[in-house]
Amino acid sequence: MQAVLFAGIKRRLRKKHFLLSNCFASAIAFFFLFADTATGQTEEDAGWRISAGVSGSYTVLKEDHFSRQTLTGYAPAYQLTLSYSGKNSVHELGLFYSKDILRNDLIPAFSAEQNYVRVIYSNMYTITGNTEKAFLLRIGPGLSGLIARRTYKELINNNESFETAVSLHAAAEAHYRIGGSGLILKNNIILPVVSLLAQPAFGSERSEADIEEKETADISYFKGASVGGWSSFVLVRNEFGISKEISRHHALTAAYIWEFYRVNTSRKISQASHQLSLRYTYIL
Amino acid sequence: MSRSFLLIRPIQSFFYACWLLLLFTQTSCEKALNLDDVPDDKISVFEDLWRYMDQHYSLFAEKGISWDSVYQAYLPKLSDDIPDRQFFNVLESMLATLKDGHVALISENDTAGYDNFYKAFPLNFNHQNITRNYLQNDYKTIGPVEFKIVENIGYIYYGSFSENITDEEADRLFLEMKDTKGLIIDVRNNNGGQLINANRIFSRLIKERTLVKYERTKKGKAHDDFYDPVPYYISPSSVYYAPALVLLTNRACYSACNDFALYISGLPRARIFGDQTGGGGAIPDNYILPNGWKLQYSSTVTLSPAGKSIENGIVPHQSIGISYQDEISGKDPILEKAFLSLQ
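For the record, the sequence lines run as chains A and B.
Numbering of the first sequence is given in numbering that gives the first Met the number 0, commencing with residue 0 and proceeding in unit increments.
Numbering of the second sequence is given in numbering that gives the first Met the number 0, commencing with residue 0 and proceeding in unit increments.
The hints are simulated quantities; they were obtained by calculation from the structure and are not laboratory data.
Don't take each hint at face value.
[Claimed, not checked] Below, simulated DSS-like cross-link-like pairs (lysine-lysine); rule was C-alpha separation at most 25 Å, straight line:
| hint | chain 1 | residue 1 | chain 2 | residue 2 |
| --- | --- | --- | --- | --- |
| 1 | A | 243 | A | 152 |
| 2 | A | 152 | B | 62 |
| 3 | B | 62 | B | 180 |
| 4 | A | 267 | B | 307 |
| 5 | B | 118 | B | 330 |
| 6 | B | 118 | A | 267 |
| 7 | A | 267 | A | 98 |
| 8 | A | 152 | A | 98 |
| 9 | A | 185 | A | 243 |
| 10 | B | 307 | B | 218 |
| 11 | B | 218 | A | 267 |
None of the values given here were measured: they were computed from a predicted structure.
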C-alpha cells in the first residue's frame, strides 16, 4: 500500500521529495488529530517495552566519488527497539536496518545496492511534565553507530563504498497525550555532537587482491578514521509519530521518520531518507 | 462541541509547531545536502569531467601536467550544440594529454583510451614464433598458463592476468617445475587484469612474507594530497620454487603485469630480460559523468619498496629487442638469452 502510494506520487514530486514527506506527516497527524473514538490506557507506565516495526522507505543518495547524479529508490526498512522507562528517565536502544536498491532515472545502468544499519542508544531525562500530564519533554545524551556499505553496478575495479561511524549525540523527545483518547503524539530528534568516522581510503578493503592477502587487510579501514563535528559528519534523525496503547500490554505507533546524512570527506556522501513506519510495541 | 474544540486547540498548536519545525529543518537540511541532479548539457559535462579529474586523478604531480592549461585549451573547442560524436572526440583528446593507459572514456557507442604506452614502441614479442619454433606446438596448459620444460629449464607464458589462475592450478604448475634448474616466466603482451593472479604466481617464488610495494591513495583535492603510503605484503604459498628465474617483459606488460615485474625485480635470484614494461602502476577507478558516460582514471600511485614510482615501468636488467629480421626469421633473442643465462 505504501509502495503504491509512494510510486504514484514519485513522478510528480521526485525533485521535491521533502514535500512528499511533509504530506505524510500531515496525513498522519490530521488523521489521528480528529480520530476521537479510541479509549484505553492513557499513561506511559514505567517498565520495559519492546517494539518491532517495518517502514516504507524512500532514499535519495549522492556519492560524489562515483557520480554527481543522484540515486533514488524505495525499500522496506526494519527496526527493533528496547526501552526502559523510569520515573524521570528513559533508556532506549534501537536497531535499524534497510537494504536499498537505488537507481538513476536518467542513467538506467547506474545503480547501487546499499545496506544501512544504525544502532541508537539514548538516555533521556524528563525536563518538564511527567507521564500523568499531557505534555512531556525529555532531553539527554546518547551514542549511535552506523554502518553503510554500497556496491555500485556498471563500475569496474573499485565499485564499493563503505563507512562506519560512532557518534555522541543529543536526543530530545516531546510527547503530547491527547485527552482520554489513549493517543500520544510524539516527536523524537537526534543530533550528533561529535563523531568518529572511519572510511577506507579506497572506499572498501580493495576489490581484488587484498581480500585474500590477509596481511594487508588492516591497511585502510581505520587509516581514514577521523573525529569531527558537523563539518565532517552529520546524521540527523527525526521521528514524528502517534502511538496508541490498544491494551495494557500492546501499543501501535504510526510514524514518519526522516533522516539526513552527510559525510564530508573526499568521498563525499549525501543521503536523505523518508520512511513511513508502523510499529508494534509489547509492554512488559 | 466547545469541550472537544478546546481539546483540539492545544493539540493543533503542538502539531503545527512540530510541523513547522519539521518543515523548516527538513527543507534546510535537504537543500544543504544538494541532492538535485546536475545538468547534463555538454559544457556542464565537460566542467564536471575536468573538475573531477582535477580533484581525483593521482598522477598530475608525477607527470608534470598543468591541468588548468588543458582546461583553457579545450573549453573553446566546445559548445552545447556540437554533435555527441564531436563532443566525445574533444573529451578523448583532452584525456589523451595525460598519456595514461588507465584513463578511458566510455559511452554507449565508443571507448576511448590511450595505448601509445606500447604502440609507440617495438613489440618485441611474437607468440606464434614461440609456440611454433621454440615450444614446437608441444606444450601443456594449466589454467591460463602455457608451459614446457626443455633441457631441464622451465618456460611458462602467462598472457593476461585477466584470466584467473586458482591456487590449486598454481600449485600444480610449480610442482611440474620442481625438478627444473631454472624458470623463464614470460609476461610479454600481458596487459594486466586481476592483481590476485600475479600474487598467486609470486607467492610460489618467496619463502617469507615479502614487502613488494607501497600504495598511495588520493586524500584531498590538491594534486599532491595523499594518504601516507600503505605497505603491501605478499605471503608465501606452501609450494616454493627456489631456483633462478628470468622474467621476459615488453612495453605491453602493463598494470598488474607491471606490478608483477616490480615484485620479481626485488628477488635477488631473478633477472628481467627484454624491454621496459609499459607502466600503469596506479589502480584505476571510475566515475559516471552527468550524461551517463563512464570515466576511468588512475586513483593511486604505486611505489617500489625503495619508494620510487613505477608508473613509467620497470627497467629490465638486460635490455634486449627483437629486430625485424629476427622476427621474420622466427627468432626470439630475448627468450634465447634467457635460456642461455639459466644453463
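Do the hints match the structure? See the list:
As the CA atoms of residue 243/A and residue 152/A are separated by approximately 43 Å, the hinted pair breaks the 25 Å bound. Under the criterion of a C-alpha separation no larger than 25 Å, the hint pairing residue 152/A with residue 62/B is inconsistent with the structure, at around 31 Å. Taken as a hint, the residue 62/B and residue 180/B pair is broken in the structure, with Cα atoms around 42 Å apart against an allowance of 25 Å. Taken as a hint, the residue 267/A and residue 307/B pair is broken in the structure, with Cα atoms around 30 Å apart against an allowance of 25 Å.
With a CA separation close to 21 Å, the supplied pair residue 118/B and residue 330/B stays within the 25 Å bound. Note on residue 118/B and residue 267/A: the hinted pairing is violated, with a Cα-Cα distance of about 38 Å set against a maximum of 25 Å. Of the supplied pair hints, the one linking residue 267/A and residue 98/A holds, its CA atoms being roughly 20 Å apart against a limit of 25 Å. Of the supplied pair hints, the one linking residue 152/A and residue 98/A holds, its CA atoms being roughly 15 Å apart against a limit of 25 Å.
A C-alpha spacing of about 11 Å is found between residue 185/A and residue 243/A, which places the hinted pair at or below 25 Å, so the restraint holds. Using a Cα cut-off of 25 Å, the hinted pair residue 307/B and residue 218/B holds, with the two alpha carbons roughly 20 Å apart. With a C-alpha separation of about 12 Å, the suggested pairing of residue 218/B with residue 267/A holds against the 25 Å cut-off.
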